[in-house]
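Number of protein chains: 2
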Amino acid sequence: MGEGIRIGIVGYGNLGRGVERAIAQSPDMSLYGVFTRRDPAKVVCHDAGVRVIPLDDVLDHRGQVDVMILCGGSRDDLPVQGPQLAAGFTTVDSFDTHARIPEYFAAVDAAARASGQIALISIGWDPGLFSMNRLLGEAILPQGESYTFWGKGLSQGHSDALRHVAGVRAGVQYTIPSPEAIARVRAGELPQLSTREKHTRECYVVLDDGADSDAVREAIVTMPNYFADYDTTVHFISIEALQRDHAAMPHGGFVIRSGQTGDQTHQVVEFSLALDSNPEFTSSVLVAYARAAHRLRVKGESGARTVFDIAPGLLSPKDPADLRRELL
Amino acid sequence: MGEGIRIGIVGYGNLGRGVERAIAQSPDMSLYGVFTRRDPAKVVCHDAGVRVIPLDDVLDHRGQVDVMILCGGSRDDLPVQGPQLAAGFTTVDSFDTHARIPEYFAAVDAAARASGQIALISIGWDPGLFSMNRLLGEAILPQGESYTFWGKGLSQGHSDALRHVAGVRAGVQYTIPSPEAIARVRAGELPQLSTREKHTRECYVVLDDGADSDAVREAIVTMPNYFADYDTTVHFISIEALQRDHAAMPHGGFVIRSGQTGDQTHQVVEFSLALDSNPEFTSSVLVAYARAAHRLRVKGESGARTVFDIAPGLLSPKDPADLRRELL
Chain A
886 MGEGIRIGIV
896 GYGNLGRGVE
906 RAIAQSPDMS
916 LYGVFTRRDP
926 AKVVCHDAGV
936 RVIPLDDVLD
946 HRGQVDVMIL
956 CGGSRDDLPV
966 QGPQLAAGFT
976 TVDSFDTHAR
986 IPEYFAAVDA
996 AARASGQIAL
1006 ISIGWDPGLF
1016 SMNRLLGEAI
1026 LPQGESYTFW
1036 GKGLSQGHSD
1046 ALRHVAGVRA
1056 GVQYTIPSPE
1066 AIARVRAGEL
1076 PQLSTREKHT
1086 RECYVVLDDG
1096 ADSDAVREAI
1106 VTMPNYFADY
1116 DTTVHFISIE
1126 ALQRDHAAMP
1136 HGGFVIRSGQ
1146 TGDQTHQVVE
1156 FSLALDSNPE
1166 FTSSVLVAYA
1176 RAAHRLRVKG
1186 ESGARTVFDI
1196 APGLLSPKDP
1206 ADLRRELL
Chain B
886 MGEGIRIGIV
896 GYGNLGRGVE
906 RAIAQSPDMS
916 LYGVFTRRDP
926 AKVVCHDAGV
936 RVIPLDDVLD
946 HRGQVDVMIL
956 CGGSRDDLPV
966 QGPQLAAGFT
976 TVDSFDTHAR
986 IPEYFAAVDA
996 AARASGQIAL
1006 ISIGWDPGLF
1016 SMNRLLGEAI
1026 LPQGESYTFW
1036 GKGLSQGHSD
1046 ALRHVAGVRA
1056 GVQYTIPSPE
1066 AIARVRAGEL
1076 PQLSTREKHT
1086 RECYVVLDDG
1096 ADSDAVREAI
1106 VTMPNYFADY
1116 DTTVHFISIE
1126 ALQRDHAAMP
1136 HGGFVIRSGQ
1146 TGDQTHQVVE
1156 FSLALDSNPE
1166 FTSSVLVAYA
1176 RAAHRLRVKG
1186 ESGARTVFDI
1196 APGLLSPKDP
1206 ADLRRELL
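Top line first, the protein sequences correspond to chains A and B.
Under this note's numbering, the first residue of the first sequence is numbered 886, with each subsequent residue one higher.
Under this note's numbering, the first residue of the second sequence is numbered 886, with each subsequent residue one higher.
The hints are simulated quantities; they were obtained by calculation from the structure and are not laboratory data.
One or more hints might be untrue.
Which copy is meant is left open, because identical chains are indistinguishable; a pair holds if it fits in one copy or across any two.
[What the hints assert, rightly or not] Capping the alpha-carbon separation at 20 Å, the derived lysine to aspartate or glutamate pairs in EDC-like fashion look like this:
#1 K1203 to E1030
#2 K1203 to E988
#3 K927 to D942
My request is simple: use the sequences and hints to build the entire structure.
This is the structure in structure tokens:
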């Protein structure tokens, strides 16, 4: 401990676990400890030697942690923790409620400016790397259209919605991008795609004992906001099959910019991810951006930042001359 | 003229032409003029109203041009023009001789620091956007391998080499990435790929009258550095077919990072381009980065920069709050 950039993890769910593993792959960083609201004695880290500290005591560790990576949820945890922790630490988080980003940015920015800290918000892949590619696409090809497709991947929000249907014991939902829609976009057709044309939804559901499968299917496929606007398929499986075949959290997607230069010359820029573990990948992005956050802090900058504000070179442990020689 | 960021174009070949068209798509920019070593009376721009100015007079236009986009070649033009023009202007160029980037950077950096200007070097897609994705891939997934595939695309260097073969009147060469190799990389196999396994080369050749096609084919496929290490196919066609079917300059390629997180979890990040015109796309990248160069200059920064040093937000004409609301 104490070597390189000292990272604190706030919250030890899937994301926190992933951050622990990603730090272990980063020789210029060390894990200071995990901060938790739970009883520290009951939090078992992947590396049993990791120090687990009550979140209530976090301010005692100021000056000993270079960057706090906030691994809580966007609905309840981050709106409180983001501004609070930015008042004492350089922070990185993955706040992902797109519609509330402006207000969250403002709250965290005010706290970070007041404390002289850097706070990197909404880091991950969407928001995050996908956002960066949406920006690059339209900045480089101003005449054109941008398309984002998600999946194939497990959607946490839609899986939660499934589980609230009467008669459902457990279940998961996969978002599947339409291969036909992607092919049309890649071909430079600039299609106007309806929600139904872009993605389909596939549900794997375990029924409660005695539940009526037809009624459950109907309740799912007609659910407003979540399923009604999509072609949704519902598969009924056993709890054993669910646990055996659907425990992973794959995800990914595509950001495609289809643009025209000169006299209607087609140009297509595409960024895609195929992730066997969504939380582990998001964690890896958080850790790379923690390096950038620390560097900005050392330079004396303060305030909130997003992926749009970070020069790519700040993410790499290599020095600029090596980057130019090896990767440019 | 004089509205927004005032751009000067140095050199009016394919790249300069593309920059002219890209500026016309950018409402926050205007074209100040084209600087040329040729007789200005003989340079006909796409927009006949564009001012064409002798390059020898370039210093008379200091203070009237915000950013000079250098559209000359990397072998002969830029090594001289890059440092020279950075002494008087904020510049952007597409220097693409990978092996000589460190010395070119040093020369341009010294000139730009001395003059208090910004000089963005090696902007385009490779070097450029591909380099950025190579950096992102290894920074986010430190455990893994990076792969760059080029094509399908017209290679200028290999087309030139073809034309120097005795008996060849004209010709073009396409670089074609191996679909099998890309599939193996995407599958997370981490293959070690030989040169021959990554790309094939396809040549369309017009013979001189009376030339021996077998001898020409043999001379091409055995040419060291250019073709000997690849599976090369040679097609003999008429001059009419060459002009009709092979006048476009398509290109593109793939940067793929295949990495592992946690316990050997596969994660694949991919960036790809499918370009119907390589020079028009490169020009569009140059113009977006000219916006960033101008902003850094206005902030008072100086010295040479590459894509690694530029925060994505600087490329967009939109203000940061709009970017966060619309694209994050």
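Verification of the hints:
| no. | hint | in the structure |
| --- | --- | --- |
| 1 | K1203 to E1030 | between (35 Å within a copy, 16 Å between copies) |
| 2 | K1203 to E988 | between (35 Å within a copy, 19 Å between copies) |
| 3 | K927 to D942 | within (17 Å within a copy, 75 Å between copies) |
Checked against the numbered hints listed earlier, the structure breaks none of them; every hint is satisfied.
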